[in-house]
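Here the structure of chain Z is known, so what remains is to put chain V in place on it, guided by the hints.
Number of protein chains: 2
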Amino acid sequence: MSRWEPNAHERLQQAAMELFQERGYDRTTVEEIAARAGLTERTFFRYFADKREVLFSGSKDLEKLIVDTITGAPQTTAPLDAVATALEATAPMFEERRARSRTRQALIAAHAELRERELIKLSSLASAIAESLRGRGVARPAASLIAETGIAIFKSAFERWLEDPQEHDLSHHVRGALEELRLVTAATGAASSARPQTKATQRSRRSSP
Amino acid sequence: MSRWEPNAHERLQQAAMELFQERGYDRTTVEEIAARAGLTERTFFRYFADKREVLFSGSKDLEKLIVDTITGAPQTTAPLDAVATALEATAPMFEERRARSRTRQALIAAHAELRERELIKLSSLASAIAESLRGRGVARPAASLIAETGIAIFKSAFERWLEDPQEHDLSHHVRGALEELRLVTAATGAASSARPQTKATQRSRRSSP
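Sequence order for the protein chains is Z and V. As numbered in the UniProt record's numbering, residues 1 to 209 make up the first sequence, in order. As numbered in the UniProt record's numbering, residues 1 to 209 make up the second sequence, in order.
Hints are computed from structural coordinates only; laboratory data are not their basis. Every residue gets a Cβ at the ideal spot worked out from N, C-alpha and C, and that includes glycine. A couple of the hints might just be wrong.
[Said to hold, decoys possible] With a Cα cut of at most 30 Å, we get these calculated BS3-like pairs of lysine-lysine:
#1 155/Z to 51/Z
#2 155/Z to 60/Z
#3 64/V to 51/V
#4 121/Z to 60/V
#5 64/V to 60/Z
#6 64/V to 64/Z
#7 155/V to 64/Z
#8 155/Z to 155/V
#9 60/Z to 121/V
#10 51/V to 121/V
#11 64/V to 155/Z
#12 121/Z to 121/V
#13 51/Z to 121/V
#14 121/V to 64/Z
#15 121/Z to 155/V
#16 60/Z to 155/V
#17 60/V to 155/Z
[Claimed, not checked] Over 10 Å on every C-beta distance to chain V, these chain Z residues come out as not near it, computed from the model:
#18 6
#19 14
#20 26
#21 53
#22 80
#23 188
[Stated by the list, open to error] To be clear about the criterion: a stretch of chain Z counts as covered by chain V if any three or more of its residues have a C-beta under 8 Å from a C-beta of chain V, and this derived list gives those stretches:
#24 131-145
#25 148-158
Pulled out of the complex, with its shape left as it was, chain Z reads as follows (with noise of 0.2 Å):
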């Protein structure tokens, strides 16, 4: 076996998820996994950390995406506009692949170390959104929020893409969730907008609960 096979890394992946839906996730091994793509377990661990690693390589290039589409917005654009926009543009990465979406979700979902594994990518999404805002001159707790916000909308777009009927793309839904965090904050704190808020008024909302 040559040291460089052609699509390996397809082949793994695709391995992966056909042993993940057969067996389930925790009985499957690297090693069954190499042999059914015709591979090594040592050409498995060229690719892939671990064996969840198998179900989130694509996420360095889903950052670099966002990350590039947020540097190169022009200068004008409102930062959240920018995330959104750069959310949107990841759309071309899902399309074609929402059943095999649907299945790797439902394995992320029943598998603590999966979601595990996810929410520290989602995470590492979000530091690389807040550095690229930041690289635009926001301020550094703005930066974090506004990142932080971007995560929210893509985890609901995503959500909702998943299981559209209508099989809208998910730029469709980044738009769709954006305009109901829009709607959402623009509802809340309606009264304190329509005249600035005093101390007297801040006490009594802090004594509410």
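Frame of chain Z; chain V shown alone:
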């Protein structure tokens, strides 16, 4: 040694924090924590599932307070306001513990396994918040989005609270983060909110970068 030691929970937490600072988190064992507290290892495991958990034992109380506050908010309160009020209500749990919270946060930042545990706790908190919003009649996708947005506000507020040289309380920073989020979302999509979005403007936005 009697089966129920007075203040065992607090003594173990205190001992753990001391040892983590003196020797580092990695080099501290559960046996040493128990010994420092004058208790047995068995007693430790009566209170905490593992060494990590000693840093996260307050998370259930935090979650309960937040969920109860959301559930008890007047039905007329906008969902994100109910969440923000619930986050503000946690301030007394943190006041008088800023120095300790700073030490704890530095430990978490320095250890991948602690960051993982923190992300799991926040994810569980997000699910609990979403669930309590659904109990108030908020639709499922909106409830998840608002809950995740609430987590973004909480993370941001907590970071600002830890770093605040003026030592305002946590509720001050929750209101600040919410206010900033309102400004950020109001700034976004300003053009499209002025006139209804048409298919043409959607296409041009989608194709931009």
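Each hint, compared with the structure:
1. 155/Z to 51/Z: Distance ~23 Å between residue 155/Z and residue 51/Z Cα, so the pair holds.
2. 155/Z to 60/Z: Roughly 17 Å separates the two Cα atoms, so the pair holds.
3. 64/V to 51/V: holds (23 Å)
4. 121/Z to 60/V: Holds, at roughly 25 Å.
5. 64/V to 60/Z: violated (36 Å)
6. 64/V to 64/Z: violated (38 Å)
7. 155/V to 64/Z: holds (24 Å)
8. 155/Z to 155/V: holds (17 Å)
9. 60/Z to 121/V: holds (25 Å)
10. 51/V to 121/V: Roughly 15 Å between the alpha carbons, so the hint for residue 51/V and residue 121/V holds.
11. 64/V to 155/Z: Within the cut-off at roughly 24 Å; holds.
12. 121/Z to 121/V: Holds, at roughly 16 Å.
13. 51/Z to 121/V: The given pair, whose Cα atoms are some 24 Å apart, holds under the 30 Å limit.
14. 121/V to 64/Z: holds (28 Å)
15. 121/Z to 155/V: holds (17 Å)
16. 60/Z to 155/V: This hinted pair holds, its Cα atoms lying about 24 Å apart.
17. 60/V to 155/Z: It holds: about 24 Å lies between the C-alpha atoms, which stays within 30 Å.
18. 6: Non-interface label stands for residue 6/Z: nearest chain V Cβ at 32 Å, farther than 10 Å.
19. 14: holds (28 Å)
20. 26: At roughly 19 Å from the nearest Cβ of chain V, residue 26/Z sits farther out than 10 Å, so the non-interface label holds.
21. 53: holds (15 Å)
22. 80: Non-interface label fails for residue 80/Z: nearest chain V Cβ at 4 Å, not farther than 10 Å.
23. 188: violated (4 Å)
24. 131-145: The restraint on the segment 131-145 of chain Z holds, since 4 of its residues have a Cβ under 8 Å from chain V and three suffice.
25. 148-158: holds (count 7)
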